[in-house]
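Peer 1: Sequence:
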Amino acid sequence: MTQSNSTLKTNRNDLTQGKEWKVILRFAWPLLIGNLLMQFYNIADSIIVGRFIGKEALAAVSASFFIYYFIISLVIGVGSGTTVIVSQYFGAREYKKVQQAFSSFFIFMLIAGIFLSIGGIIFAEEVFRFTHTPPEVLPEAVSYFRIYIGGTFLFVTFNSIISILRGIGESFRPMIFILISAILNIVFDLLFIPGFGWGVEGAARATVLAQGIAMCISLIYVHNTHPLLSIKKKDLSFHVELFLKSLKIGLPTSVQQCAIAIGLIALLRIVNEFGTDTLTAYGAAGKVDTIFTQAILTLSGALAAFCGQNIGAGRMDRVKNGVRCSMAVNVLVGICVFSSICLWGDKMIAIFTTDAHVIQIGSDYLFVLGLFFVVHGALNIFNGVLRGAGDTFFPMIVSLLSLWLIRIPLAAWLSNYYGTNGIWWSIGISIGIGCSIIYIYYKTGYWKKRKIIKMESEK
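Throughout the sequence shown, residue numbering follows the working numbering, covering 299 to 757 in sequence.
No lab work stands behind these hints: they were computed from the structure. Any given hint could turn out to be false.
30 angstroms max Cα-Cα, derived BS3-like pairs, lysine-lysine [what the hints assert, rightly or not]: (1) Lys320 x Lys394; (2) Lys546 x Lys747; (3) Lys746 x Lys618; (4) Lys618 x Lys395; (5) Lys394 x Lys546.
Fair warning: this is a prediction, and the values are worked out from it, not measured in the lab.
Throw the hints in and build the complete structure from the sequences for me.
Peer 2: Structural data, given as structure tokens:
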């Protein structure tokens, strides 16, 4: 630990002290609100587009999401690896390496975002044709996507700051930054779409502009107030050794995310075979499902940071207790979610569209996925523990197997007999099988050997 950083006030970000359930929930609630806000302005796009433009435009936004997810998945893995390293070094009080890891990650994300923006703009139309996007949706999908992808460097830079702040145990200010972005996005949506009449392109411009402003605000905060995450010229440098460590941990996650994204695109092709109504319902129901799953994804993210710091500090007893607390929360949330879907599932889809056929298809989607909500939560909890330990390879293998050997073939087969419901059941079944495999691996305890600090001492 460097002497210059010894006076830092780190207690408020320290996840290695206090009651486990209190620490996790205190860290998780701003994280949850931030994640919900991030999804909220995506949903605001869809609601305003669906209501003011039409279902073809809504389908265009939906189709763009899955393709965009694949593109940013190329850099998500490196981010997850850096977050693990940052949280473990922070738990071990090695603050100089926290700064070096952040600096390297920030430079990488900025450069990668620029290249992804350029590539996405050039190949947009070819990608949509490959996914068999309906002809009546294609022009608007390409127009929306090219503007949206053009702002990727803003998006990845903003999210790199957010993820690293969370890695050192800070979740409140990232929530504020995302809140600003969400409010701006809705204001710009209403200004550009019904106000200026820019159509689906206005939705893309609103999101890019909101992300850009939020990124600038977060940069100002980090630059002026956070000693561990300095972006001053004297501190901003690329540390190859730490970046390679991040890459070693993050590459399996990157491969996993890319495989998931390609799998979603493959599933999108199956969905597209059923026409515009199914594509619209798939997108709308997916937005609602994403809101629900933020609870378990947030729990997983909080647990990863919690485990990362406690593993770095050698507190494995706290890790075990943290898993128990998280699982109890998962069950309670799952009961509430499924009850809500049973009572108001159709009304949730009706927020996006008034088309009765689309509402019915979307309601069926939510019901089937609601049945597997607790299982999906358990899968993410175990993944959070493994990610906090730096063990990302095995979850990658499980994701590849459950997606490509189970979900996609099963969706293609079941949809021939049960229509769109066959697609939804294939998703749930693949989640159940993946959770079973991850649980067995978690019980073996092999992931405990992946600790970053321990690996260095052994050398």
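Peer 1: Regarding the pair Lys746 and Lys618, is the alpha-carbon distance no greater than 30 angstroms?
Peer 2: Given pair Lys746, Lys618 holds - Cα atoms ~11 angstroms apart, limit 30 angstroms.
Peer 1: Holds or violated: Lys394 and Lys546, Cα atoms, limit 30 angstroms.
Peer 2: holds, 20 angstroms
Peer 1: Between the alpha carbons of Lys546 and Lys747, is the straight-line distance 30 angstroms or under?
Peer 2: Roughly 15 angstroms between the alpha carbons, so the hint for Lys546 and Lys747 holds.
Peer 1: Is Lys618 close enough to Lys395, meaning Cα to Cα at most 30 angstroms?
Peer 2: holds, 27 angstroms
Peer 1: Lys320 and Lys394: Cα distance at most 30 angstroms?
Peer 2: holds, 29 angstroms
No hint from the list above goes unmet by this structure.
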